[in-house]
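Full structure from sequences and hints, please.
Each chain, letter by letter, is given below.
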Amino acid sequence: MSGKEKILEVKNLKKHFKAGRKGIIKAVDGVSFDIYKGETFGLVGESGSGKSTVGRTIIRLYDATDGEVIFKGENVHGKKSHEEMLQFRRNMQMIFQDPTSSLNPRMTVMDIIAEGLDVHGLVKTPQERKERVNELLRAVGLNEEHANRFPHEFSGGQRQRIGIARALAVQPELIICAEPISALDVSIQAQVVNLLKKLQKERGLTYLFIAHDLSMVKYISDRIGVMHLGHLVELADSEELYRNPVHPYTKSLLSAIPLPDPEYERNRKRIVYDPSILDKSEEPKFREIRPNHWVLCTTKEFEQYKRELESKEQN
Amino acid sequence: MGKLLEVKDLRISFNTYSGEVQAVRGVSFDLNEGETLAIVGESGSGKSVTASSLMGLLPKPQAVIKGGQILFQGEDLVNKSEKEMEKIRGKEISMVFQDPMTSLNPTMKIGNQIMEGIIKHQGLSKAEAKKKALKLIELVGITNPEVRFNQYPHQFSGGMRQRVVIAIALACNPKILIADEPTTALDVTIQAQILELMKKIQKETNNSIIFITHDLGVVANIADRVAVMYAGKIVEIGTVDDIFYDPRHPYTWGLLGSMPTLETDDEELYTIPGTPPDMTNPPKGDAFAPRNAYALEIDTVLEPPMFKISDTHYAATWLLHENAPKIEPPTAVKKRIEAMIGGRKK
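Order-wise, the sequence lines are chains R and Z. Residue 132 in the numbering used here is what sits at position 132 of the first sequence, and the numbering runs on without skipping anything. Residue 197 in the numbering used here is what sits at position 197 of the second sequence, and the numbering runs on without skipping anything.
Just so you know, the hints here were simulated from the structure itself, not pulled from any lab data.
For lysine-lysine, the following DSS-like pairs were computed, each having C-alpha atoms within a straight-line distance of at most 25 Å:
1) LYS80(R) with LYS11(R)
2) LYS87(Z) with LYS66(Z)
3) LYS87(Z) with LYS3(Z)
4) LYS87(Z) with LYS131(Z)
5) LYS200(Z) with LYS251(R)
6) LYS11(R) with LYS26(R)
7) LYS251(R) with LYS285(R)
8) LYS251(R) with LYS199(Z)
9) LYS132(Z) with LYS200(Z)
10) LYS91(Z) with LYS203(Z)
11) LYS251(R) with LYS26(R)
12) LYS199(Z) with LYS269(R)
13) LYS199(Z) with LYS131(Z)
14) LYS269(R) with LYS200(Z)
15) LYS91(Z) with LYS199(Z)
16) LYS334(Z) with LYS198(R)
17) LYS197(R) with LYS4(R)
18) LYS14(R) with LYS285(R)
19) LYS109(Z) with LYS126(Z)
20) LYS203(Z) with LYS269(R)
21) LYS198(R) with LYS335(Z)
22) LYS197(R) with LYS335(Z)
23) LYS334(Z) with LYS197(R)
24) LYS120(Z) with LYS109(Z)
25) LYS308(Z) with LYS284(Z)
26) LYS197(R) with LYS37(R)
27) LYS79(R) with LYS11(R)
Pair ranges (Cβ atoms, derived):
28) ARG266(R) with PRO61(Z): 39 to 49 Å
29) PRO283(Z) with GLU131(R): 32 to 42 Å
30) SER281(R) with GLU204(Z): 36 to 46 Å
31) PRO283(Z) with LYS80(R): 51 to 61 Å
Where is the CB? At the ideal position from N, CA and C, for every residue including glycine.
Given below as structure tokens:
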């Protein structure tokens with residue numbers, strides 16, 4: 001992994017929201033991870049874990065409370081001129097969960113997709129603009145006739161394709177996919193996931209894939225981070241994470257996924273997460289338990305998890 | 001196991017500005033006592049409309065039952081008046097909806113919402129109803145029933161709210177519980193708890209459950225039998241093992257193939273191309289034919305009947321006709337079935 005180029009570094013990121021006069025909600029509370037060029041980094045967690053807030057803070061839809069987001073060597077949250085901000089937004093784009101509310105209902109598909117091209121002055125003539133949009137439509141599996149229609153004329157899956165075309169228009173390097181398939185039907189989910197994989201191969205894109213559907217995340221991601229209550233509790237290659245989960249929360253989360261296999265389901269034992277078994281004697285830290293496998297733990301737990309992994313290996 | 005419910009050739013249409021939408025086109029199935037039947041399908045397949053019709057909850061006047069029967073303990077629910085349905089709804093058949101926020105009254109205390117049905121259907125006094133409501137709150141796994149009884153829905157989390165909805169649905173010991181995507185809006189760990197709860201209650205009360213969902217993992221977990229719906233019809237029905245280990249309909253293959261298992265790695269997901277048909281004008285012949293890689297010529301002309309595969313397993317595809325070419329399921333689907341069965345033998 002070390003040979004790979006880091007495209008994004010998130011360092012001790014915090015995002016706190018004010019709740020009422022005195023309350024503070026620590027939606028994200030000290031999260032650190034790197035994303036390498038060309039990979040898909042999956043971020044999973046239940047509602048309220050802070051995974052979406054991480055995505056939105058990375059692209060500066062929210063200002064960070066503390067910590068740094070470094071994208072291609074530059075601090076995202078540093079002071080930026082209008083031009084610098086434009087340049088940054090060109091390189092990082094986002095695909096949203098709800099393909100209905102994320103597309104302007106009064107704009108044609110042509111204008112929706114070309115908005116980024118216009119803002120960044122990437123096309124000179126109307127002819128060129130049209131060609132670029134048509135090319136993008138074809139790339140996401142739609143066709144040229146769709147350009148003059150409005151979002152309401154499309155199904156959910158098609159709308160999500162329009163959202164993807166819009167994100168691709170400015171040729172970004174990193175795309176943040178915030179639950180892009182959660183609102184779609186099963187057979188359409190598979191179509192969109194296949195499309196995202198195809199585009200990644202063709203264009204060398206990097207994805208941050210945020211979702212709660214764990215089997216889909218496992219399928220699409222190279223590495224996965226598990227979030228719980230604003231913290232990253234575990235991070236590993238996706239295969240390793242599913243095979244050897246270490247943190248009790250990850251174990252419980254994985255054991256709760258129902259799989260389309262009746263016999264397996266009859267025998268599945270759910271592990272219930274009990275936070276009281278965690279060691280409270282010191283502040284837990286993110287430690288590397290095996291190469292590229294990180295877990296949030298105290299020194300005592302670190303030794304314990306290590307022993308567990310070793311004994312598992314021997315069996 | 002007696003037959004509790006028989007649905008026979010049910011047809012439901014909606015009258016809209018753009019014409020008649022044929023949402024349900026001849027659905028037949030039985031529900032036995034104490035079993036869980038899962039109905040799966042994509043949005044627009046007619047699964048929720050079928051469920052609403054069992055409860056007499058179709059929106060009027062747009063929705064029209066064009067034909068067929070819903071026999072509940074031998075009585076046809078289709079011809080019942082609203083007054084008569086009120087006696088059945090909530091008492092004999094009750095329903096849990098997808099969104100626990102919108103199905104509860106935000107201005108009413110939880111306890112009163114649970115008591116409402118008990119008082120109406122069972123004619124108990126307020127004090128007795130309260131006792132029963134407290135028991136129900138406990139049954140669905142909410143701690144501190146006395147305190148929770150006097151709280152409002154906004155004071156509950158999503159999972160807890162769904163438990164309240166289940167408590168309301170169970171208040172009169174219904175024979176049939178219809179659950180329309182009850183866990184879709186919930187997190188996986190909460191989903192697991194709700195599924196466990198429904199199974200536990202079923203064991204205790206021996207009620208039947210109709211479980212509507214599009215999540216095949218959930219189906220494998222909870223169902224005894226499965227009906228797969230497409231474009232207003234049941235295209236395949238069988239025991240949960242029939243459907244997952246020996247699927248016969250190409251649409252079922254597509255559904256199974258498009259969900260990655262934890263073993264699926266780099267290969268592409270098997271997908272069903274295209275989108276579901278427009279039900280104002282359903283295609284002639286087999287509605288699935290335009291998206292079906294295995295479609296035969298006859299599919300565009302004539303609708304396939306239900307072919308019997310075994311006593312429990314039926315599918316509506318011409319591929320099962322004796323003159324049809326022998327076709328194997330796609331390799332992706334075959335591989336995963338082999339992996340499922342093979343993995344256990346080890």
